[in-house]
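Once you've looked at the hints, dock chain B against the given chain A.
Listed here are the chains, written in short residue letters.
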Amino acid sequence: MTSASVAEPPPRANPGRRLSTFFFRHSRLRLWALLALPLAWLAIVYFGSLVVLLLSSLWDTDPFTRDVVHEPTLENFRRIIETQVYRDVAWRTVKMAVMVTVADAVLAFPIAYYMARVASPRTRNVLVVAVLMPLWANYLVKGLAWQTILSDGGVINWALDPLGLQFDGHSTLGLWLTFTYLWLPFMILPVYAGLERIPESFLEASADLGGRSLTTFVRVVLPLAFPAVVAGSIFTFCLTLGDYIAPGLITSEQFIGTVIYNIRGEALPTAAAFSLVPIVVVVAYLLVARKLRAFESL
Amino acid sequence: MKARKVRVARWAALGLLVGALSVVAAGCGGGDGGGGASTEIEGLGTSLEEIQTLARDEGEVNVVQWAGYAQLVDEFTAATGCKVNTKDGASSDDMISLIETGAYDGVSASGNASVRLMTTGQVAPINTDFIPNYADVQEGIKNKDYNSLDGQPYGVPHGRGPNYLMFRNDIVPADTNSWNVIWDDAELSKYKGKISIYDDSIFIADAAVYLKATQPDLNITNPYELDDTQFQAAVDLLKKQAAAGVNYWPGDVAKQISEYTNGDSVVGTTWPYQYVQLTAADPPVAVTALKPAEGTTGWSDTWMIYSKAANPNCMYLWMNHMISPEAQAAVAEGFGEAPVNLKACEVTKNANHCADYHADDESWWEDIYYWTTPVADCGDDRGAVCKTQEDWEAAWTEIKG
Chain A
1 MTSASVAEPP PRANPGRRLS TFFFRHSRLR LWALLALPLA WLAIVYFGSL
51 VVLLLSSLWD TDPFTRDVVH EPTLENFRRI IETQVYRDVA WRTVKMAVMV
101 TVADAVLAFP IAYYMARVAS PRTRNVLVVA VLMPLWANYL VKGLAWQTIL
151 SDGGVINWAL DPLGLQFDGH STLGLWLTFT YLWLPFMILP VYAGLERIPE
201 SFLEASADLG GRSLTTFVRV VLPLAFPAVV AGSIFTFCLT LGDYIAPGLI
251 TSEQFIGTVI YNIRGEALPT AAAFSLVPIV VVVAYLLVAR KLRAFESL
Chain B
1 MKARKVRVAR WAALGLLVGA LSVVAAGCGG GDGGGGASTE IEGLGTSLEE
51 IQTLARDEGE VNVVQWAGYA QLVDEFTAAT GCKVNTKDGA SSDDMISLIE
101 TGAYDGVSAS GNASVRLMTT GQVAPINTDF IPNYADVQEG IKNKDYNSLD
151 GQPYGVPHGR GPNYLMFRND IVPADTNSWN VIWDDAELSK YKGKISIYDD
201 SIFIADAAVY LKATQPDLNI TNPYELDDTQ FQAAVDLLKK QAAAGVNYWP
251 GDVAKQISEY TNGDSVVGTT WPYQYVQLTA ADPPVAVTAL KPAEGTTGWS
301 DTWMIYSKAA NPNCMYLWMN HMISPEAQAA VAEGFGEAPV NLKACEVTKN
351 ANHCADYHAD DESWWEDIYY WTTPVADCGD DRGAVCKTQE DWEAAWTEIK
401 G
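The listed protein sequences correspond, in order, to chains A and B.
Residues 1 to 298 in the numbering used here are what the first sequence spells out, letter by letter.
Residues 1 to 401 in the numbering used here are what the second sequence spells out, letter by letter.
If we strip away everything but chain B, and leave its shape as in the complex, we get:
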C-alpha cells in the first residue's frame, strides 16, 4: 500500500514538473510580433552628439557578421570607445537564430534573412539623421525590398557581390565560362566527388539560374519564385548532382579553402572571400573565380540593428563606420566585393578595384539574383502557388539524402 502511494506521488510530481515547464516554454517564445515603424530604441540618444556620449558608457557592441566583414575595428574602437565583438554566422538561418538569442546588437543580413527579420520586428528601422555617411550610399541600393519596409529604411547597405564559379586551374580548362561544369552529366562524371557546393537551401536558386538559361520551356523568370514544375526540375537537377558526389561547405569558409588547397575540391560555387584568401595564400593556390555566362546568384547585405539592442548607441556608430569610405574600401578589398559608398574607390589600395568589381556598372549586375526569402506569392499572374522557405528547406534535406 505504501509503495503504491509513493508511486502515485512520484507521478504527480513528474506531472507538475511537466506542467510547469510547458507554461514556461509557452511563455518564452511568444514575443511581440509585427514591427512598428518607430526608429526609437530604448536607450538610444536623441542626437548624434548624445549618441556619441552614450556610446562611451556602453563601451562595446556585439555584432553577428559574415566572416571577414568587420573592418578597421581598432580604429573604430579608438574613435568611439566601443569595443567590437564579432560572431560569424554560417548561413542566413544561423544569423536569425543568433539575433533571436538577444545577445547581439546588430547583424550583417543578406536578403533571405533581412526580409524575415523586418517582418518579425527583430530589427528596427533606422533614423538616417544619426548616420551621416548614409547620404553617400549609392541611391540605386537604397530602399530596396531587402533593406526597407514601406519606404522606411532598415539598416545601412554593406556591399554586394556574386556567388562565383571557382575552379582549380590545373584541373578545369581555363576557358570555362559556364555553370555546366557542375550540372551537366558529362562534366559531373569528370569532377565527381570534387564538386564544392554551398550547404544551404538557398542553393536551390543556383540550380534555377542554370535551368532558366538552359531550359527556356520551364519559363523561370526569377530563381526565387518557383512553382511546382520549376521547383521539381531544380530539385531533380540537384539530386543528380548530389548522386555524383559533392563536398558541401557550410558557411564555415575554412573547410572550402582547405579542400581547394589540398585538391579534394576542384570546382564549385564560392564567395569572393575564399577566392581572395586562396590567391593570397602562401604559396598561392591557382584558382579562377568568375561570373559565368548564365548569370549567378548573389547577395546585397545590410547592417541592421536589433530592436532591443543593449548597446544601441555603439551600434548606430558601427553602422555609420561600416559605410565610411575607409571601412568600405577595406571590406571591398578584404572580402572581394563592390562597395556601396563610391567614395571608397578613391582610397582602395588597388586603384582599379571598383572598376574590377563593377561597383558603378549597373548592367553587370543585371543577371545577378540577390538572395531573398522564397514566399508563396509568385509576384506575377501565377498567384500564390510558389514554393515557400519551408518547402525549400525540406527539399534541401532531401537532396542531400
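For reference, chain A alone in the conformation it holds in the complex:
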C-alpha cells in the first residue's frame, strides 16, 4: 500500500495566478486598478468637457471670420450680464422650468397616490406600464405630435372651434403644455416610489390618534412624500432648463437652449458663457433640494 505521501502539487505559477497573488498582497493597488477606468472616464470625459466649456467662455472671436481667438477675456460674461436679451431669455427659461415643475407635481401626485395606495396590485402594474410607455416613444416624435396638436388645424382648435374660441398653440402656453406632458413620467415615478415607502402603520396610528383622512394626509403623508416630490422636480426642472428641441418646434420665443444652439457656430465663446447660466441655476437648485432631503428618496 502506497503511503499517503502524495503531496499536493505546488500551485503552478502562471501569470494570471501571479497577478492575483500580487493584487491580494497589495489591496490598495487592487482598489486603484479597479477604479482607474471609471475614474478616468469621470475626470476626463465628464469634468474635462465642463472645464473645456469654462475655458471656451474665456476666448474671443474674430469679428469677420468668427474664428475663436485664444486670448483670455471676460467680454462674454460682460455681454451676457449686460445685454437685456440674455437676461430676458434666462429669466423666461427659469420661469418655464418652475411652471412645468409645479404643473407636473400637481398632476403627478394624485396619480402616484392612486397607484401606490389605492389601486389593486394588478391595476398598479398596468398603471406603471402606462406611465412608462410614453418614454419608449422617441422624444422628437412626441414633440412633433404636439406641434400638430397645437397647430391652427390641430385637435385643440378643432375642439374649441364650435365654442367660438381660438387657442394660439405656438405660444409660451403651448410650450408649457408640451413640457408638462414630456416630463410627467419623471415626476410620477419618484413620487410613486416615495408614497409606496410610507408604512401602512403610520396611517393607522394617525387614525387611532383621531386624525381624520385630511389631517392624516396633510400632517403625515405630505411631509413624508415631500422629499420624493423634490426629487422628481430635479428631473422636470433640469430637463426643461436645458431643452432646445421642444422650444424650437413649438414657439418662436427663445430659451437658453435655443440661444446656445443658434449662436454656437458663430459665437462659440458667448454660447459657452451662456451655457454656464443653467449650470449655476441647477447647482443652486440642487443645494436647495439637498436641504430639503430630496436625495434620500432618489
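Just so you know, these hints were derived from the structure itself, not from any lab.
In this text the structure is predicted, and so the values were computed from the model without any measurement.
It is possible that part of the hints are untrue.
[Said to hold, decoys possible] Cβ-Cβ distance ranges computed for the label pairs, FRET-style:
id, chain 1, residue 1, chain 2, residue 2, range
1, A, Val141, B, Asn85, 23 to 31 Å
2, A, Pro72, B, Asn85, 36 to 44 Å
3, A, Ile279, B, Gly401, 21 to 29 Å
All residues carry an ideal CB built from backbone N, CA and C; glycine is no exception.
Below, chain B without anything else, positioned relative to chain A:
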C-alpha cells in the same frame, strides 16, 4: 492632519487636470491661418486621368450641402466609383462649423460663407484644368468676390436664385407684389402669428432691401453695407415684425413646408425649393412665390473643396459633375433655380425652365442682392463704419427677444 493632506492633494490633482486641458484647448484651435494660392492638396492627382484612377481607391466623397443640392448621385457613383455622402447645412454658419470639423471634403457655400472660408484658408483654390465642365459656366458668374480671391477661382459655381416672397393663395390677395405684406403695420396686424421668417442674421438684409425702396432718405445702397443709422432702422423694423408674431424657420425646410401646409404660416420668405415642394405635393398646396417689386436678397452658391480633404480626387470629380449639363438641369428643376451651365437648358424636362428662371437675363438679377458677409469697410467713402457679421448676429438674437 491627514484629511487636510488629502484635500490638498485633491485640489492639486484638479489643478493639474485644468492645466493639462487648457494646454490641449489652446493647442487645438490654433490652426494655420491664411490661405496660400496653391491649388495643391495632399493626395490629389496631377492629371485628370490620375485623379480618376485615385478616385476609385478613395471610393467616397463627403459633402456639406443645402438641402436638395446633390443630384444624379447614383449616376455619379456608377461613373466614378465614388459613393456620395451628403450632410445638409441649415445656415451658412452651420456649414462653416461643419467644414471646420474636418470630416467633409467639400461644401456648397453661399457668399456669406465662401468669403469667410477663403479668407481662413479652410477651402483651397482649384485648378480648372482638372474640371473640364468649368469652361461651360457662364462667364458673368466666374471670378466674383464670393467665388475667387485675387483672381484665383475657388470652387465651381453651382447656381443662383432669389429669396422669394411666398404666400397662400386662399389668404393673401393674388395681386400682391410687395414685401409690405410682412413689414407694413396694417398688413402685420392682418397676418400676425402667421408670418414665416428665415431664422438667420442674414435676414436683416431683407429688412434693408425693403427700407432701401421705401425710405430713400436712409440712403441704403447695399443691404449688406449698413452704417449705424441704417442698421438701427432695419433692426427696429425687424423688432416690430417680431412683436407682431412670426414663425421662424431654421434652414430645416421641413418646418416651413409643414406650416404652409397646415395653415400656421400664410406669408413670408422662402427658397424656391419649398415652393417647388409645396406645389408638387399631393394634394398640392395653393401658394404663390415671386420676386416683389422692391427686389430681394438671393444667393449665388459655389462648390468648394476643403483644403485638407481626405478624398480630394472624388471631390474634384464631384465639382465637375455638379456643373455638367445633366446635373445642372436636375438641380435647377429640383431646387427651382437658374443653372450656371446654360447647356443644361437643352436637357431640362420643362423646355422653358431657363426662360422661366431668367437664367440668361442679366437685367432680371439686377435687384437681387446675393448673400455676403457684412464687414466694417462700407466699400464707399463712408469708410470702415459699417456693421460687421458679429454685430449682425448679436442684433439677430436681440430681435428675436
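Evaluation of the provided hints:
1. A:Val141 <-> B:Asn85: 23 to 31 Å: The hint (23 to 31 Å, Cβ to Cβ) holds, given that A:Val141 and B:Asn85 are roughly 25 Å apart.
2. A:Pro72 <-> B:Asn85: 36 to 44 Å: holds (38 Å)
3. A:Ile279 <-> B:Gly401: 21 to 29 Å: Holds - the Cβ-Cβ distance for A:Ile279 and B:Gly401, about 23 Å, lies within 21 to 29 Å.
This entry satisfies every hint, going by the numbered hints stated previously.
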